[in-house]
Amino acid sequence: MENRHRTHEIRCPVHGFIGFSDWEREVINHPTFQRLRRIRQLAWTDQVYPGATHTRFEHSLGVMHIAGQLFDALVRSSSDLLKSTHGFTDDEIGRDRQIVRFAALLHDTGHGPFSHAAEDLFPKDNKGKHYKHEAYSGAAIRHTLKDAIENHPLNDAAIKADDVADLLEGNSRVGRRVIWRDLIDSQMDADRMDYLLRDSLHIGVDYGRYDWRRLLNTVRVIEMDPAPGVDSPNALRIGVTEGGVHAAEAMVLARYYMFTQVYFHKTRVAYDHHFKHAMNAILGGEAFPHPTAEGIGEYLRWNDWRVLGDLADGNGGEHGDRLRRRDHYREVFHTPENPTDGHLDLLRVIRKNLGLLVATAESSETSAYKLVASDILVVTDDSLRRVRALSQHSTVVRNLNLNPIKIVRLYSAPENAVAARAIVSKMIEDIK
Amino acid sequence: MMKLFYFLQELKGIQLGYDFRLYTYGPFESEVLSDLSAACGRGVITEDAVQYGRGFGYVIAPTKRGEEFSNNFQTEYPDMAGMVDEVVREFGSFSAGELELRSTIFYVDREAIDSASTFLKQDIADRVHQIKPHFTVATILECIRDMVTNRQLQSISDA
Numbered sequence: 001m002e003n004r005h006r007t008h009e010i011r012c013p014v015h016g017f018i019g020f021s022d023w024e025r026e027v028i029n030h031p032t033f034q035r036l037r038r039i040r041q042l043a044w045t046d047q048v049y050p051g052a053t054h055t056r057f058e059h060s061l062g063v064m065h066i067a068g069q070l071f072d073a074l075v076r077s078s079s080d081l082l083k084s085t086h087g088f089t090d091d092e093i094g095r096d097r098q099i100v101r102f103a104a105l106l107h108d109t110g111h112g113p114f115s116h117a118a119e120d121l122f123p124k125d126n127k128g129k130h131y132k133h134e135a136y137s138g139a140a141i142r143h144t145l146k147d148a149i150e151n152h153p154l155n156d157a158a159i160k161a162d163d164v165a166d167l168l169e170g171n172s173r174v175g176r177r178v179i180w181r182d183l184i185d186s187q188m189d190a191d192r193m194d195y196l197l198r199d200s201l202h203i204g205v206d207y208g209r210y211d212w213r214r215l216l217n218t219v220r221v222i223e224m225d226p227a228p229g230v231d232s233p234n235a236l237r238i239g240v241t242e243g244g245v246h247a248a249e250a251m252v253l254a255r256y257y258m259f260t261q262v263y264f265h266k267t268r269v270a271y272d273h274h275f276k277h278a279m280n281a282i283l284g285g286e287a288f289p290h291p292t293a294e295g296i297g298e299y300l301r302w303n304d305w306r307v308l309g310d311l312a313d314g315n316g317g318e319h320g321d322r323l324r325r326r327d328h329y330r331e332v333f334h335t336p337e338n339p340t341d342g343h344l345d346l347l348r349v350i351r352k353n354l355g356l357l358v359a360t361a362e363s364s365e366t367s368a369y370k371l372v373a374s375d376i377l378v379v380t381d382d383s384l385r386r387v388r389a390l391s392q393h394s395t396v397v398r399n400l401n402l403n404p405i406k407i408v409r410l411y412s413a414p415e416n417a418v419a420a421r422a423i424v425s426k427m428i429e430d431i432k
Numbered sequence: 001m002m003k004l005f006y007f008l009q010e011l012k013g014i015q016l017g018y019d020f021r022l023y024t025y026g027p028f029e030s031e032v033l034s035d036l037s038a039a040c041g042r043g044v045i046t047e048d049a050v051q052y053g054r055g056f057g058y059v060i061a062p063t064k065r066g067e068e069f070s071n072n073f074q075t076e077y078p079d080m081a082g083m084v085d086e087v088v089r090e091f092g093s094f095s096a097g098e099l100e101l102r103s104t105i106f107y108v109d110r111e112a113i114d115s116a117s118t119f120l121k122q123d124i125a126d127r128v129h130q131i132k133p134h135f136t137v138a139t140i141l142e143c144i145r146d147m148v149t150n151r152q153l154q155s156i157s158d159a
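Sequences listed follow chains A and B, in order.
Going by our numbering, the letters in the first sequence line up with residues 1 to 432, in that order.
Going by our numbering, the letters in the second sequence line up with residues 1 to 159, in that order.
Take these hints with a grain of salt, some might be off.
[Unchecked claim] Derived lysine-lysine pairs resembling BS3-like cross-links, with alpha carbons at most 25 angstroms apart:
| id | chain 1 | residue 1 | chain 2 | residue 2 |
| --- | --- | --- | --- | --- |
| 1 | A | Lys266 | A | Lys276 |
| 2 | A | Lys352 | A | Lys132 |
| 3 | B | Lys64 | A | Lys127 |
| 4 | A | Lys127 | A | Lys276 |
| 5 | A | Lys352 | A | Lys406 |
| 6 | A | Lys132 | B | Lys12 |
| 7 | A | Lys124 | A | Lys370 |
| 8 | A | Lys124 | B | Lys121 |
| 9 | A | Lys266 | A | Lys83 |
| 10 | B | Lys12 | A | Lys129 |
| 11 | B | Lys121 | B | Lys12 |
| 12 | A | Lys83 | A | Lys127 |
If you're looking for bench data, these hints aren't it; they were derived computationally from the structure.
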């Protein structure tokens, strides 16, 4: 018989202990979720930072933990607004809470081997765009995890797998629950809040640290007024009070530092490139299966272990060989973080002069971790409860928004790197 | 601006590379904000925040450099410029709230198309009302009828 009140705990280096129910435990124990133990959170970043061996498994538990805490904090701080003004009932809130926790727990179940590095090899949808891992997460939830989600004795609220997938995907069936999307996918979502702390811890840097507890303390459901003369009612949004401005600012800065120092590190980017081509060779030039009921089972058989086995067997072509021998491409030139037109002209000239010595060029604008402008909302502490964007409170955030990162890196094969760097140095010297 | 970009890509078919998802405030893509901020940083537009009551918005205007860019764009890409003009004509006069509603209606319509489904007007109205309970069903239906008249919705079976 299920003990409704029994909770379980698992140790976490970031959060101490993460608690979960019998029901959540069943989902966690499902092979589809356990597969995340075999997907590295940061792909090949351990080639640069040896401690970066953590997996999507513990990260997903962390995201569930933070999402639950964010939800509880919002309900505590904004109870009147949710219940009295907008008619949320306790039952509805309880149901939403569980759906949010499942969505957070399962948001990464669709990741391919070595996380984002494989996404260029996903097939295209009917609009000609590559699927993203979120589509595979949705398929995994709707198909392989359906029974574990729906048929548990603790599912008094008749939660469907579709409810969880709809929230994750942001499709219109999500209904009024759409308000919780910001906890799953926004500038201040549970995913970001966990991975910044976790990646920072495992890598051994302090860049990703920020006062996340202060954010929990200051998070609110916000009701904004429409513009003057506009006759449309108030939509609900999620933001922080003025007291949370510096914690939110610190999180935006953490994201910036982690991107420039870790996620777009020159060597990590080289390894992503090698892995993509090695994986393409392993797949024989085919794409991964589609995120459908028919394809998801075969897709979920892919994980880091399987790919490493293929690489160990000598597969993966030239790039597989480079991965085995740690013989990665070397950076020979990069632009500044915010290149001017002059810097971009120089890049073009250098690239042209290097010719075939350029093995690849990688841009931060196409990175899966690309920085986007911050739009976190802040509500003032005074009786007026004015709402403004974080960038209106913070010059630092405003300047980051106005000057997006646009680094371009040029790489050569190791055997050509010395010659390429010599050409680049001479060109730069001649310009001076 | 967010909703105009949404219609430019999803209704007019200009591939801007955005991936719009649904939030309380309608279809949203944070990269649109990034691109607007970057354009402001490069001196192509000005972006000034304006406060009103408990809300805020932005007044966005082209600079001289932006006007030059716009003129060049119209010369070099006349078809695309024509699509931009169409979107502004069809949607430019609506308030932020009306655009929020219309873009959400359109989003639901597109989902139906993508899943090869059809909807009655009432079905779409009910679904949009669930997402946006702050709009009445009557208001939503009126919007749907207007969008059907303008041939902006394709999944309606009782058009």
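Tested hints:
For a cut-off of 25 angstroms, the pair hint linking Lys266 (chain A) to Lys276 (chain A) stands: about 16 angstroms separates their Cα positions. The straight-line distance between the Cα atoms of Lys352 (chain A) and Lys132 (chain A) is roughly 33 angstroms, outside the 25 angstroms bound, and the hint therefore fails. Distance hint between Lys64 (chain B) and Lys127 (chain A) is unfulfilled; the C-alpha atoms sit about 37 angstroms from each other, more than 25 angstroms. Straight-line distance between C-alpha atoms of Lys127 (chain A) and Lys276 (chain A) comes to about 23 angstroms, which keeps the hinted pair within the 25 angstroms bound.
Distance restraint check for Lys352 (chain A) and Lys406 (chain A): the Cα-Cα separation of roughly 20 angstroms lies within the 25 angstroms cut-off, and the hinted pair is therefore satisfied. Restraint check for Lys132 (chain A) and Lys12 (chain B): satisfied, since their Cα atoms lie roughly 23 angstroms apart, inside the 25 angstroms limit. Between the alpha carbons of Lys124 (chain A) and Lys370 (chain A) the distance comes to roughly 21 angstroms, so the proposed pair stays at or under 25 angstroms and holds. Restraint check: the Cα-Cα separation between Lys124 (chain A) and Lys121 (chain B) comes to about 31 angstroms, which exceeds 25 angstroms; the hinted pair is violated.
With a CA separation close to 50 angstroms, the supplied pair Lys266 (chain A) and Lys83 (chain A) exceeds the 25 angstroms bound. A distance of roughly 17 angstroms separates the Cα atoms of Lys12 (chain B) and Lys129 (chain A); the hinted pair therefore holds under the 25 angstroms criterion. Note on Lys121 (chain B) and Lys12 (chain B): the hinted pairing holds, with a Cα-Cα distance of about 22 angstroms set against a maximum of 25 angstroms. The straight-line distance between the Cα atoms of Lys83 (chain A) and Lys127 (chain A) is roughly 41 angstroms, outside the 25 angstroms bound, and the hint therefore fails.
This entry does not satisfy hints 2, 3, 8, 9, 12, going by the numbered hints stated previously.
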